[in-house]
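Visitor: Here is what each chain is made of, one letter per residue.
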Amino acid sequence: MKKNKVLFFALLLFLFLASSQLARTEQQPKLKIITTIYPLTELVQNITGDRGEVFQLIPTGAEVHNFQLRPSDVAQLRQADLLVAVGPALEPWLPKIETALGRKIKQKIYFFDELKKVGFPGLVEQDPHLWLDLKADDLLVKAVVNQLAELDPKGRLYYSERGQKLRAKISNLDREFQEQLANCRSNIFIVAGHQAFGYLARRYHLQLVSLVGANPESRPGLKKIQEIIELIKKEQVKAIFYESSVTPYYARAIAQETGIELYPLSTGVHLRPEEIKNKIGFLQLMKQNLETLKKALGCSGRKDRQ
Amino acid sequence: MTELLTSGIFLRALLAGLFLALACGLLGVFLVLRKEAMIGHGLAHVAFSGLALGFILNFMPLAISLVVCLLGAILILEIREHGSLYGDTALGIISSAGLALGILLVSLKRGFGVELMSFLFGDILAISSGEVWFSGVLALVVVILLKINYQALIFMTFDRETALVSGVRVKRLERMLVLLTAMTVVLGLKLVGILLVTALLVIPASASLQVAQSFKKTLLISTLFSFVSIISGIFLSYWLDTPAAAMIVFVALLLFVGALISKKKKLIF
Amino acid sequence: MNAQDEVIRVKEVSFYYHSIPALENINLSITRGDFLAIIGPNGSGKTTLLKLMVGLLKPASGQIFLFGQEIEKFRDWHRIGYIQQKAINFDPHFPISVEEVITCSLNSNPKVRNKFKSKQKKRIIESLALVDLENLLDRPINALSGGQQQRVFIARALVTEPEILLLDEPTTGVDLKAQEEFYDLLGRLNKEFRLTIVLVTHDFGIVNRHVNKVACLNQRLVYHGQHEEFCSSSVVQEFLKGGHHLVSHRH
Numbered sequence: 013m014k015k016n017k018v019l020f021f022a023l024l025l026f027l028f029l030a031s032s033q034l035a036r037t038e039q040q041p042k043l044k045i046i047t048t049i050y051p052l053t054e055l056v057q058n059i060t061g062d063r064g065e066v067f068q069l070i071p072t073g074a075e076v077h078n079f080q081l082r083p084s085d086v087a088q089l090r091q092a093d094l095l096v097a098v099g100p101a102l103e104p105w106l107p108k109i110e111t112a113l114g115r116k117i118k119q120k121i122y123f124f125d126e127l128k129k130v131g132f133p134g135l136v137e138q139d140p141h142l143w144l145d146l147k148a149d150d151l152l153v154k155a156v157v158n159q160l161a162e163l164d165p166k167g168r169l170y171y172s173e174r175g176q177k178l179r180a181k182i183s184n185l186d187r188e189f190q191e192q193l194a195n196c197r198s199n200i201f202i203v204a205g206h207q208a209f210g211y212l213a214r215r216y217h218l219q220l221v222s223l224v225g226a227n228p229e230s231r232p233g234l235k236k237i238q239e240i241i242e243l244i245k246k247e248q249v250k251a252i253f254y255e256s257s258v259t260p261y262y263a264r265a266i267a268q269e270t271g272i273e274l275y276p277l278s279t280g281v282h283l284r285p286e287e288i289k290n291k292i293g294f295l296q297l298m299k300q301n302l303e304t305l306k307k308a309l310g311c312s313g314r315k316d317r318q
Numbered sequence: 042m043t044e045l046l047t048s049g050i051f052l053r054a055l056l057a058g059l060f061l062a063l064a065c066g067l068l069g070v071f072l073v074l075r076k077e078a079m080i081g082h083g084l085a086h087v088a089f090s091g092l093a094l095g096f097i098l099n100f101m102p103l104a105i106s107l108v109v110c111l112l113g114a115i116l117i118l119e120i121r122e123h124g125s126l127y128g129d130t131a132l133g134i135i136s137s138a139g140l141a142l143g144i145l146l147v148s149l150k151r152g153f154g155v156e157l158m159s160f161l162f163g164d165i166l167a168i169s170s171g172e173v174w175f176s177g178v179l180a181l182v183v184v185i186l187l188k189i190n191y192q193a194l195i196f197m198t199f200d201r202e203t204a205l206v207s208g209v210r211v212k213r214l215e216r217m218l219v220l221l222t223a224m225t226v227v228l229g230l231k232l233v234g235i236l237l238v239t240a241l242l243v244i245p246a247s248a249s250l251q252v253a254q255s256f257k258k259t260l261l262i263s264t265l266f267s268f269v270s271i272i273s274g275i276f277l278s279y280w281l282d283t284p285a286a287a288m289i290v291f292v293a294l295l296l297f298v299g300a301l302i303s304k305k306k307k308l309i310f
Numbered sequence: 225m226n227a228q229d230e231v232i233r234v235k236e237v238s239f240y241y242h243s244i245p246a247l248e249n250i251n252l253s254i255t256r257g258d259f260l261a262i263i264g265p266n267g268s269g270k271t272t273l274l275k276l277m278v279g280l281l282k283p284a285s286g287q288i289f290l291f292g293q294e295i296e297k298f299r300d301w302h303r304i305g306y307i308q309q310k311a312i313n314f315d316p317h318f319p320i321s322v323e324e325v326i327t328c329s330l331n332s333n334p335k336v337r338n339k340f341k342s343k344q345k346k347r348i349i350e351s352l353a354l355v356d357l358e359n360l361l362d363r364p365i366n367a368l369s370g371g372q373q374q375r376v377f378i379a380r381a382l383v384t385e386p387e388i389l390l391l392d393e394p395t396t397g398v399d400l401k402a403q404e405e406f407y408d409l410l411g412r413l414n415k416e417f418r419l420t421i422v423l424v425t426h427d428f429g430i431v432n433r434h435v436n437k438v439a440c441l442n443q444r445l446v447y448h449g450q451h452e453e454f455c456s457s458s459v460v461q462e463f464l465k466g467g468h469h470l471v472s473h474r475h
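Chains as they are written, first to last, in our numbering: chain D, 13 to 318; chain L, 42 to 310; chain X, 225 to 475.
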């Protein structure tokens, strides 16, 4: 008990020191960009390089929907030059924060609005998981590059160069997805979790079946579970996917019923402790997802590439 | 329908649910009559901080939650005994302490929000055979301990002072009740979640108290109400495609209203 | 006096509630067959003394002996029947039948449980018969009248075949006729079974007829002795002059 207490206060002290450290580094005139979730952070960081500093509001893995600000977060927000967020479906609390700050954040990029502007096909208002669609990510990078150039004209070339590189990487990965997920034994894509992979499934022509809707907190009914079990049996599905950051209670229960195999997929938002430790990039996570999908669905890929 | 009845998920949910119902239905009667109905609620908060701790240590959250919950239960008794406080003040203190500690732990780690959320409503439709066994053993322990001490428990619940004079080991039995409740709460956490475990401890027992005329009948009817809530809750979850835990509590509430009406109409047992 | 006949002995007992003295240096001896009334004004420590005698409270100083044994070591609680002041102020919604009230008392004590195992039901009916309630076995206790409830609690105390009955203001809230019946019952138990009875009351008048000893309490023991001498005792006359209304004048 005593040891725990000491540990607890040590942690508290560490937090104080860490936050004061953050404050000190702000002396250099860097662009300050606030993002909400890890995939956005990763993409933006790749563009800004040394010229900007990215602060992620929601710690990687924390619950997004019921997020609450800490005092240090408010301090960060006050200094922000740019906010990059997904949209009201993911961060419904953002307008409230602006009210609480007492002023508007200078510049904002809402992922959803950017896509809507260009008439991006297949947008679903209630589904915020846009970052899992690589084509959408490409558009976001473009928007961020433009905005950064506006905020920091001196860095225009720097940003556009880095943006180009990143976009090339994204479209390469997208091509890999397209090619390797062709010729699959089955394209039934069952996720024993919330509906996070809708955009991804649509892009690569997978038939997505999710246990629950867009809200990760809701619980499935017995009927839905039963339907999925019957689908697995009827179509002889071999793989069921779960979100890698949570314990797959439902996937396990369904597997026990059907002998189906479990495969983890990352949403990029909630990382596993070892992934956080290894500072794995978002595109790397997507690459892992590709490998998992390929193996699980038994895809042989396009002949011409092999 | 036939597929449903042979489905392992359904059977495991039903079996674990019945075990939980048995423990809750029996313990609930004692808690409600001892005016300790909210102790389950308080302990659920304590268990919450245990879960948070388990996630931080990344080691068997449910087991850690059980240990923390048992410690919390003992703490409630100690404060109650030595703190010269009124009624359920000790409970209020410990449960808010539990919740605060849980939230603090969550914010320190800031990385397992979603995982912790799964215990708000439980996962009765996704439990393992091991958990079914655990709930079975728990129910057995509750039934056996209550059976052995049945008469002494009635005595002290009805008339604590006279029971003390008659040599009933009241303090020991009170401790036993609270510890059994702590165990049941942790099991309930896994099955129906923090928010609903109190409901199963309180509602069937209160409903049964409306219509029962003797202690034995109260226990029987309370258990019966618990069973009916669990079974029909799971079936309704299938037909209406709704979360099972919420349906279970909904049925329990209906039974309570039914019991109230039946009392008004002098339909008592 | 035969040592075997001493049921309770209170020796130099004092008790304090948060350092406020409630009882000071009480000495009292209760012998088999006694019907002792402990009387005194409100706040005189009557209930405290009774609770000390059944072990619910621990004396600050002094000793208490039950059947010649120190109270800390005493385990034969079935030999003692206790009826607390609030016995009939129980939760009116408590679902319990007359039979269950008595059974739980009989079965809580392993010593008597085994003793009566084979003829448990018979014991319960017998004890109810002693208080003339054997036909109410299956009734819920909250459906009974106050007087009937009080008799059920007597039956509950009697079922373990105690040698002494201690009662604390047992008739609070019971109507006068039921009160008289109740004390007649106690008198009968005292005479017929030689059951020792200790009764705490502030209303001496109504028990007057049955009692053979009186202890008069006001933090200290003012009088302790035979009933016949009680009324003429100068101490008591003094006591009464002080404005303590010990005796109600209903007769």
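FYI, nobody ran anything at the bench for these hints, they're computed from the structure. Careful: at least some of the hints might be erroneous.
Unchecked claim - Short, incomplete list of chain D residues facing chain L, as computed with Cβ under 7 Å: (1) Pro41; (2) Lys236; (3) Tyr261.
Glycine included, each C-beta is placed from N, C-alpha and C at the ideal position.
Visitor: Each hint should be assessed against the structure and marked as holding or not.
Guide: Hints, one by one, checked against the model:
| no. | hint | result |
| --- | --- | --- |
| 1 | Pro41 | 29 Å, violated |
| 2 | Lys236 | 6 Å, holds |
| 3 | Tyr261 | 4 Å, holds |
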